[in-house]
Each structure stands twice: as C-alpha cells, then as structure tokens.
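K.L.:
Go ahead and model the full structure; you've got the sequences and the hints to work with.
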Amino acid sequence: MAQAQAVQAHQSSWWHKNQQQITPWLFLAPGILFFLFYVIFPIFQSFNLSLYEWDGLGKAEFVGLYNYEELYWDDAFYTSLNNNVVWLVLYLAAIPAGLFIALFLNQTVTGIRLYKSLFFFPFVISQVVVGLVFTWFYDPTFGLLNVVLGAVGLPPMNILGDENWVTVGIIVAGLWPQTAYCMILYLTGLNAVDPEQIEAGRLDGAKGWRMLWYIIVPQLRPATFIAFVVTIIGALRSFDLISIMTNGGPFGTSRVLSFYMFEVALSEYGFRMGYGASIAVVLFLIMLAFIAYFLWSMYKEEKAR
Amino acid sequence: MFPTPIERTSRPWQLTYQALLPVALILWLLPLLAVAIFSVKPDADFANANYWGWPTSFEGFANYGLVFTGSDMPHYLLNSFKITIPTVIGAVALSCMTGFALGVYKFKANIWIFFMFVAGNFVPFQILMVPVRDLTLQMGLYNTITGLVLFHIAFQTGFCTLFMRNFIRALPFELIEAARVEGIAEWRIFWFVVLPLMKPAIAALSVLIFTFIWNDYFWAVVLTQGVESQPVTAGITSFNAQFRAAYHLMSAGSIVAAIPPVAMFFLMQKHFIAGLTLGAVK
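Note that the protein sequences, when read in sequence, are chains C and Z. Residue 1 is where the first sequence starts when you use my numbering, and the numbers rise one by one after that. Residue 1 is where the second sequence starts when you use my numbering, and the numbers rise one by one after that.
There may be inaccurate statements among the hints.
Unchecked claim - With a Cα cut of at most 30 Å, we get these calculated DSSO-like pairs of lysine-lysine: (1) Lys303(C) with Lys82(Z); (2) Lys116(C) with Lys199(Z); (3) Lys106(Z) with Lys199(Z); (4) Lys82(Z) with Lys199(Z); (5) Lys106(Z) with Lys300(C); (6) Lys199(Z) with Lys303(C); (7) Lys17(C) with Lys106(Z); (8) Lys108(Z) with Lys17(C); (9) Lys300(C) with Lys108(Z); (10) Lys116(C) with Lys270(Z); (11) Lys108(Z) with Lys199(Z); (12) Lys303(C) with Lys108(Z); (13) Lys82(Z) with Lys270(Z).
Since the hints were made in silico from the structure, they are not lab data. In this text the structure is predicted, and so the values were computed from the model without any measurement.
P.N.:
Here it is as structure tokens:
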C-alpha cells in the first residue's frame, strides 16, 4: 500500500517536473502527424516519382532524369512556363488596384460599410463561378464586353478564342477577386495609419501623391507584405479559372504549369504520373524561392521581437 | 485620416463623390449583375437573341425551381456542406492545439515546426496531387466525402496553425504564468484559460475555412467523381453539361452555388476580415 503510494508520488512528481517539456509535444502530435502524412511526405514522394515512368496502375519503371530531359524539349512546357511569368507580373496589378479602391472607399459617409462589403463580394465567390461569369462576359455572340466595345465604336473581339489575348483575358478575371482581397487588406491597414503623422505631413505642406507615397504607403507595409504573399501564391496556383474558361485552349496556349501538370497526369491525354510529377517539381522549385523569401522575412521579424 | 475626409472638402466634390460611389459599384459588379439578370429571364429571350434587353417576363421562380427539382444540384449542395463543416471543425480543433503549443511554450524546435506548417501551406497543390490521390485510393477512400475531408483538414491545419499561433502570441502571457504559479495543470490552462480567450480567432478561422473549402475545385476534381461525393463547384460543370446553352438555368445554378459562402460572409463580416489579414494588420 505504502509502496504503491510512493510509486504514484514518484510518477506524479516526474510528470510534474517534466510536464512543461512534454505538454507541447502532446498538443502538437495530432496536427504534425496529419500534416506530415498528407503534405510533407507527398512532396518527397513527388520528387521520387519524377524519376519514374508510371501510368498510375501498373509497375513504375525507373527512368532516371529522362522526364526532365523530355521537359527540356517540350514546347508545351515552355508555353506554360511563359504564361506563369505573365500571370506573376500582371497579377501584381491587384496590389495598386486594391490600394486605389481602398483609398476611394476610405471615407465615413452613410452606407459606406455596405459599399465596402459589396466591393469585396467577388473574393467570396468560388473561382469556378467567377470563371463562368467571365466566360459569358467575353462570349463573342452575346457577351457584354462586345456590347460595350460596339457602343464605343470598336470592333468585336473573341478574347478566349484568340491566342494573343486568352491569357490576359483569364488574368483579368482573376484580378477581379484578387483586387478585392488586396482592397480589404489595405482598408484594414488604413485604419491603423497614425493620424498625427498625417497632420504633421499636412503642416509640412505634403498632400496628394506626395502624402500617399512618403507618409501613407510606408505605414501600410504590413498590409503590402501580405498582399504580395497572397497575390504571388494566387498567381502560381491559378488553375480553376483556366480549367473552367478555356481548358488550356485554344491549342494549349493558355496553359500554365499547374494546369499542364494536371493535364498530363490526370486527363484524357493520358496518365503519365512520372512526367506530371516532374512538372510539379519545377513549379514547386519556383514557388520555393518565394516561400524561402517569405519565411526569411518572418524569421527576421521574429528575431526583432 | 487619408484621403482627406469628405466632410472637409468642397461641396461640389462631396456631391461628385456621392454620385460616383453607386456608379463605381455597378461597374465593379457588372459581370455579376449580368448573371443575376440572366437567371430570371425566360427561355424565349435567349431564343430571340434578346440577351441584354429587359426580361420579357420574370421567370425567377421557375428557373430557380428547376435548379432544385430538375437537376442534381441539391445533392451537390448537400455534399458541399458534408465536406465543408467537418473540415472546419477538424482543422480548427487541430490548430487550436498546435497554435497553443507553438504560441505558449519555448523549445528549440518551436520555430522550425512553425515554419514547416507555414511553408507547407504555401506549396503548389500539384506537388501533392499524385501521392495524395494514390494514398486516398489505397485507403479505399477515393471518391468518398471522408477522403476529401481528411486531406482538407490536414492541409488547412498549416494555415490555421499560422493564424492561431500568432493570435495566442498576442494574448497576455501573465495570465498563463499566474495559472502556473497556482499549480494548475497545463492541459487545464489550455482548456480553462487560453481557449475561452481564443473565441474571436476560432470564429474568424471558421468563416474563412468555410469559404476556402466551399470554393475548392481542384481537390474535388482530383479526389472525387460523380454525384455521390462531388461538391457543388465540381458538380456545376456536369450541371452545365446537362443544360448546355440554357443560359438562364446555368446562371441560376451558378448563383445557387455561390450563395452559401456569400451568406456566411455577410453574417460574420467582422470575423471574416479579421481572418483575412492573418491577424497581422490590426
């Protein structure tokens, strides 16, 4: 009896002493296991898979770097890569556009809250619906775009059927929700701008653009950082809109890497899992450059605290 | 406040601004308004090429009624709820725990585990696609709601952990220390001290994850097929195939698919916006 009590006391004191070291691991365990299982390990599996030729069913055959060699000669790969760059560059327009709308709406007139919410609307809607809406907007037979073009005396356009315009057309559709996102980031940021600095700036004679550039924008840095992160990630993740609006066409000219990978690995063009994985690896490495930069910025900030 | 408050500007500019607001809004939402008008038009308007004229009759009830009675739409909507709600609960629960562990305790691996979650949250979906699909197939969960939910929970845990950890970092740490001095067990500190303070974060994350998952299309296509398990984002393509060229019905279908996250946003606006800024901009 006494012995049992002693053991218990010993155990509880051991637990008592170490509980602050052990507790975090108990709390982390389920989350980490799930995340390793579904996110971290699959990344390495994809790297490995890119060295194989595999149809998803039979036996995988080791081919070394052959998939990458094939990529090197693949025109569709370069089209996709080129479109990814176009996406990255044009998508960034969401940031100044969002700032512009936020400045426009940063007033306290009656009903402004409702206006802000309604301007944010496009972001809440699924990209699938945004894609459908814009497909009809661009439609050559009845689309609103051609009605507008006709009204100002311009010839009609078939944006999604034109190799030169298709990617830009899809990006514009993507900019619609993305601008709304950046707008809301900046609206929240503008709330936190220090009114004393603005008054001080006014006394020094700063106004308009100079005020915006030298006093407001520097104070919006945290909002700008998040806007950059979400816009770049969004640009590289673009898939839904392309799949809905053009399915990569016409003649594959609106593909991006994320879409081309899906097409190669999981569509009627065949089930080339290994080749698809090698495309995914290239996309991952591009993204990794940005992720590393984001983490580095976060790390600096953590250290500064 | 910047720009100059409208009350302090000249009268003409005040009036211009008041007039400009609704015009800008209509232009901004034009593509959506067009679809809304399409969705209440009668079939005949499209046959007669009356695309942009006023609807010759109001067929809203008939069109939306057909979406609910003449198609698989109700089933897809139900699937979307069955996928979204468990994912929200699972991801928020897991990240309350991980966020607590990373936000409160100081240990060597802390920041690296945190960075693992953050980095994982940013990777392109395609690098996960083949292995995750294969894994789901092997577990016998391909084309099931469970298979999709499990993956969503795991992936969203990355973003949710980032959010929760930052939120807990900003809580007053003295509360936890005071509880420790009292000799309260660590798990009780989590349950009785920290969790009640996390309510706003839980609300913000729930709305945000609800819209993210509701609007997911990629994973729905990769991990499911067919009416029994596909959510509405994937189902809408089959719906549109069924009603090819019936623009009034396709428009009504799109609007139905978009309504739940929109309703969620309007009901929980304050929390939603707090969530989007990742807690970084206050």
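K.L.:
Each hint: holds or not?
P.N.:
So, going through the hints one by one against the coordinates:
1. Lys303(C) with Lys82(Z): Violated - the C-alpha atoms of Lys82(Z) and Lys303(C) are around 42 Å apart, more than 30 Å.
2. Lys116(C) with Lys199(Z): holds, 25 Å
3. Lys106(Z) with Lys199(Z): Since the Cα atoms of Lys106(Z) and Lys199(Z) sit roughly 23 Å apart, the hinted pair holds (cutoff 30 Å).
4. Lys82(Z) with Lys199(Z): Distance ~24 Å between Lys82(Z) and Lys199(Z) Cα, so the pair holds.
5. Lys106(Z) with Lys300(C): holds, 18 Å
6. Lys199(Z) with Lys303(C): holds, 28 Å
7. Lys17(C) with Lys106(Z): holds, 16 Å
8. Lys108(Z) with Lys17(C): holds, 18 Å
9. Lys300(C) with Lys108(Z): Holds. Lys300(C) to Lys108(Z) sits at ~17 Å (cutoff 30 Å).
10. Lys116(C) with Lys270(Z): holds, 12 Å
11. Lys108(Z) with Lys199(Z): holds, 29 Å
12. Lys303(C) with Lys108(Z): Roughly 14 Å separates the two Cα atoms, so the pair holds.
13. Lys82(Z) with Lys270(Z): holds, 25 Å
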